[in-house]
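Construct all of the structure, not just a fragment, from the sequences and the given hints.
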Amino acid sequence: MSDLLSLAYPWIKSFHIMAVIAWMAGLFYLPRLYVYHTEQVGQSGETHALFQTMELKLLRVIMNPAMIATWVLGLCLVATPGIVTWDTVWPWTKAAGVLGMTWFHHWLGLRRKDFLRGENTLTGRQYRMMNEVPTLLMVVIVLSVVVRF
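In this text, residue positions in the sequence shown follow the working numbering: the first is -9, and each later residue adds one.
Note that these hints are calculated values from the structure, not bench results.
Misleading hints may appear alongside valid ones.
What the hints assert, rightly or not - Derived CB-CB ranges, DEER-like:
id, residue 1, residue 2, range
1, 65, 113, 42 to 48 Å
2, 85, -6, 37 to 43 Å
3, 0, 96, 29 to 35 Å
4, 52, 85, 19 to 25 Å
5, 69, 35, 46 to 52 Å
6, 100, 34, 19 to 25 Å
7, 129, 35, 37 to 43 Å
8, 34, 136, 44 to 50 Å
9, 73, 38, 43 to 49 Å
10, 34, 74, 39 to 45 Å
11, 137, 52, 28 to 34 Å
12, 128, 77, 21 to 27 Å
Virtual Cβ for every residue (Gly too), placed ideally from N, Cα, C.
Right, dumping it as structure tokens:
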């Protein structure tokens, strides 16, 4: 199995990067949709229904598959011999960042359910502030992997 992972490493890494890009795009865009949904649309009407459809499709069709692919391919990279040295700091900081991204993803999913039930209590400003979370986590992850501190 490890020989297969070593041979497939460039392919696995390439698809991992593509999955991360798709996941990050959704993590940046969904909170922005929530800002507009909160500030411009409200909790009822045709536009509200349209936003609910856009938010659902973004989450289910793009973000969920991209997150799953990111995790599966990332775990394949971790299992590839010689790629990760666990006695250094960087894999642990990257893992913490990825867990943070996963938490944020699920938090966004819960907020979508709030809109669905008509129970959103957060403001556009709060969603704007939360929109910075994936940026901060991205910085931690990229620096961890590239600088390998």
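Verification of the supplied hints:
Separation of residue 65 from residue 113 is about 37 Å and departs from the stated range, judged on CB atoms against 42 to 48 Å. In this structure the supplied range 37 to 43 Å is violated for residue 85 paired with residue -6, their Cβ-Cβ distance being about 24 Å. In this structure the hint that residue 0 and residue 96 lie 29 to 35 Å apart at CB holds, the actual value being about 31 Å. For the pair residue 52 and residue 85, the beta carbons lie near 24 Å from each other, so the given range of 19 to 25 Å is met.
Judged by the Cβ atoms, the range 46 to 52 Å given for residue 69 and residue 35 holds: they are separated by roughly 49 Å. Range check, residue 100 to residue 34: about 21 Å between beta-carbon atoms, so the 19 to 25 Å window is met. Taking the beta carbon of each, residue 129 and residue 35 are about 38 Å apart, inside 37 to 43 Å as hinted. Roughly 47 Å separates the CB atoms of residue 34 and residue 136, a value that falls within the hinted 44 to 50 Å.
The hint said 43 to 49 Å for the Cβ distance between residue 73 and residue 38, and at roughly 46 Å that hint holds. Taking the beta carbon of each, residue 34 and residue 74 are about 50 Å apart, not inside 39 to 45 Å as hinted. A hinted range of 28 to 34 Å for the beta carbons of residue 137 and residue 52 is consistent with their spacing of about 29 Å. Residue 128 and residue 77 have their C-beta atoms about 25 Å apart, which keeps the hinted 21 to 27 Å range intact.
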